[in-house]
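J.: The hints should help you fit chain C with the ligand onto chain A, whose structure is shown.
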Amino acid sequence: MTKIILSAAAGAVALGLGAQVASAQTLESVQENGYVQCGVSTGLAGFSNTDDAGDWTGLDVDYCRALAAAIFDDPEAVRFTPLSAVERFTALQSGEIDVLSRNTTWTMSRDTDLGLNFVGVTFYDGQGFMVPKELEVTSALQLSGASVCVQSGTTTELNLTDYFNANNMDYNPVVFEGLEEVNAAYNAGRCDVYTTDSSGLASIRLQLDNPDDHMILPELISKEPLGPSVRQGDEQWFDIAKWVYYALVSAEELGVNSENVEEMTESENPDIRRLVGSEGTFGEDIGLENDWALKAIKHVGNYGEIFERNVGPETPLQIERGLNALYTDGGVQYAMPVR
Amino acid sequence: MAVTTLDSDASQPARASLLYDPVIRGIVFQVLLALLILYLVVSGIANAAANLANAGIASGFGFLGERAGFDIGQTLIPYTSDSSYQRAFFVGLLNTIFVAAIGIACATVLGFIVGIARLSKNFLVRKVASVYVETLRNIPLLLQLLFWYKAVLSTLPAPRGSLELFNASVLLNNRGLIIPQWLPEAGAGIVYASIAIGIGAAIVIARWAKRRQMATGQAFPTIRMALGLVIGLPLVVLFLMGTPFTPQYPELKGFNFVGGSTLRPEFMALLLGLSLYTAAFIAEIVRAGILAVSKGQTEAAYSLGIRPNTTMRLVIIPQALRVIIPPLTSQYLNLTKNSSLAIAVGYPDLVSVFSGTVANQTGQAVEVISITMLVYLSLSLLTSAFMNWFNSRVALVER
Ligand SMILES: N[C@@H](CCC(=O)N[C@@H](CS)C(=O)NCC(=O)O)C(=O)O
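Chains A and C are the protein sequences, given in the same order. FYI, numbering that gives the first Met the number 0 numbers position 305 of the first sequence as 304, with every residue one higher than the one before it. FYI, numbering that gives the first Met the number 0 numbers position 1 of the second sequence as 0, with every residue one higher than the one before it.
Same shape as in the complex, but just chain A (with noise of 0.2 Å):
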């Protein structure tokens, strides 16, 4: 909260005194820095949290890990701001971070109102919600009554209240900033249910007492595209980040990963030459080298590598590919060609 009033304050003298904000600049003065600053959460495991060496890891740790490369050839060339749901935005608007990747929706009042630029849905995602296992609910249509612990200036505070009200149930939202506080609620049993994205709840469950005394639900209440996001205003920054996404896709779907991905510069098949950059000028076309995506790749690995790595069924969160799969793989995870 005092940072979002400082972030807020800040901002406003900023922008009462007559100084430009930051626009078109953002890759020279991340070049200039020598590194990406990029707001992530204050931890979700698997998305994005620190390893017990303090080094920060995740889903979506690695977009921006791969973004870095991208730029510098370095993944390590990044610094992560961790923040509330509250302060994700002011964060992102008064250039505290260049770019925004915590599980954050796509919705069209964010893309339109708040000066930013959805650059892709690393995550395809819906709003779920966890009860006990002793109150021996089944589905979420016997919450009816039920008190609700969710977190502020949240999709999923919007989408709660609609679902109740479309089914005709009572609730009793109890409403905190920090993921830390709900997650203590729950855990005192504060509340009943626990609602926010399925993902984020099975990176929560892990988190409690007993993780084995809860359950989700299976009712997903509304849909959640979650994707970073930048600022708008600037062009290029917004190509590069979203190329980088694409970069991440199309190595998957091309077989190009961070094992082969030096080997595929010598590749025949042209879409992966123009991947790996042995062909065309498309890295110079957004302000950066032509093996910018053979960086971003080779470091952090393709979006298959990434997501198996962070939240896929070998990983404590165990969450199947479903919707994230490729498009050939009956997913919706879908790369524009780089062409």
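FYI, nobody ran anything at the bench for these hints, they're computed from the structure. Treat the hints loosely; a few may be bogus.
As a list, the in silico EDC-like pairs of lysine to aspartate or glutamate whose alpha-carbon atoms are at most 16 Å apart [as the list claims (entries may be wrong)]:
(1) Lys241(A) <-> Asp110(A)
(2) Lys297(A) <-> Glu258(A)
(3) Lys252(C) <-> Asp169(A)
(4) Lys252(C) <-> Glu135(A)
(5) Lys149(C) <-> Glu179(A)
(6) Lys132(A) <-> Asp211(A)
(7) Lys126(C) <-> Glu283(C)
(8) Lys132(A) <-> Asp208(A)
(9) Lys241(A) <-> Asp284(A)
T.: What follows is chain C with the ligand alone, placed relative to chain A:
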């Protein structure tokens, strides 16, 4: 300040030039300064609006009329997700005022008791009071709030295992304190009226007693009389009318209790934290105020044969209040501003509802934060205006 010399104008010799007239010069410079500030503010706002538009961020206050779309856990006025953001603002504002007002009342009562206890002749009472003050004053308020919320209230049992008080009519669990609701029946109006009559009569009698004492010196047991009228009268009427209220007891249905009124743990934690913390400061102010009244006053009163209790009430406290009220005012302001820590314990105050949820859902942080700051400023100014008025009433009146 230049204006105060105006009335002496007539007696002054005419000036050679307006340019050297200190009155005129003073006015000119003040007007210039005001214009400059106005210009800075207006151009600042215009510039901010232009920059927001450039950055593609919506601006203006039109959002206040839009549908809020989210629910709030504690609402003192009717509110649903279909209400406007403006309505949500008032819900948050009232929640802030509600917790601040009750907090101020509790902190004052407790603070006075502890402050006086610190001067007690009884060793134990004195020590307990000092330990209270030293402990609570020196632990950050946020920690205390989290302590009450997490360490105390969230360890209460779940609804099914509620602690039952007063024959199970009052329940305490981790969803809050649930008390029966008293629904008025026909005849309840007469009880309400008797409360109003009691208060009115008490005021009239108090005035009369004061006037009589001023004139004749005869004392009147005003306080006992007033208590009897304000509390006793409605009670008598209540029984005469055969208690025209039906209690609605809380009942366990599904997940939680239905019926009855609930004091949510978020509210209780915030109220406890704010009151106990501020009371420690008020206690010190009260102690200092009492010590500031010289011992000679007590001795003088005793030598006139006034009893210790009366001396305290009529000689010491009125003089101590003059020392107490100014710093007390700033404690009240602190408590009100500290209530914005509510968000840490999930209480839906103005900051949590408006600069938290509304700011985020609309993305108009600049507008929302400006409004919020303006509200806290106004609340503070109102509180200190009231306390200044009160201070001038108790200030030394020379007769
Ligand atoms: N996708 C939703 C919700 C995102 C969200 O904030 N989820 C919470 C609960 S899973 C979270 O990630 N909190 C992490 C934090 O506050 O650091 C949105 O964009 O509004």
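J.: Measure nothing beyond the straight line between the CA atoms of Lys132(A) and Asp208(A); if it is 16 Å or shorter, mark the hint as holding.
T.: Within the cut-off at roughly 14 Å; holds.
J.: Next pair to validate is Lys241(A) with Asp284(A); report whether the Cα-Cα distance is within 16 Å.
T.: The given pair, whose Cα atoms are some 13 Å apart, holds under the 16 Å limit.
J.: Can the restraint linking Lys132(A) and Asp211(A) be considered satisfied, given a maximum Cα separation of 16 Å?
T.: The hint holds at about 8 Å.
J.: Next pair to validate is Lys297(A) with Glu258(A); report whether the Cα-Cα distance is within 16 Å.
T.: Distance of about 7 Å is within 16 Å: holds.
J.: Given the proposed pairing of Lys149(C) with Glu179(A), does the C-alpha separation stay at or below 16 Å?
T.: The given pair, whose Cα atoms are some 12 Å apart, holds under the 16 Å limit.
J.: Check the hint pairing Lys126(C) with Glu283(C) against an upper bound of 16 Å on the C-alpha distance.
T.: Given pair Lys126(C), Glu283(C) holds - Cα atoms ~14 Å apart, limit 16 Å.
J.: Please work out if Lys252(C) and Asp169(A) have their alpha carbons no farther apart than 16 Å.
T.: Satisfied, since the Cα-Cα distance of roughly 12 Å is no more than 16 Å.
J.: With the threshold set at 16 Å, check whether the alpha-carbon distance from Lys252(C) to Glu135(A) stays at or below it.
T.: Status holds; Cα separation ~15 Å.
J.: For a C-alpha distance cap of 16 Å, please report whether Lys241(A) and Asp110(A) respect it.
T.: 15 Å, holds
Hint check: no violations occur; every hint is consistent with the structure.
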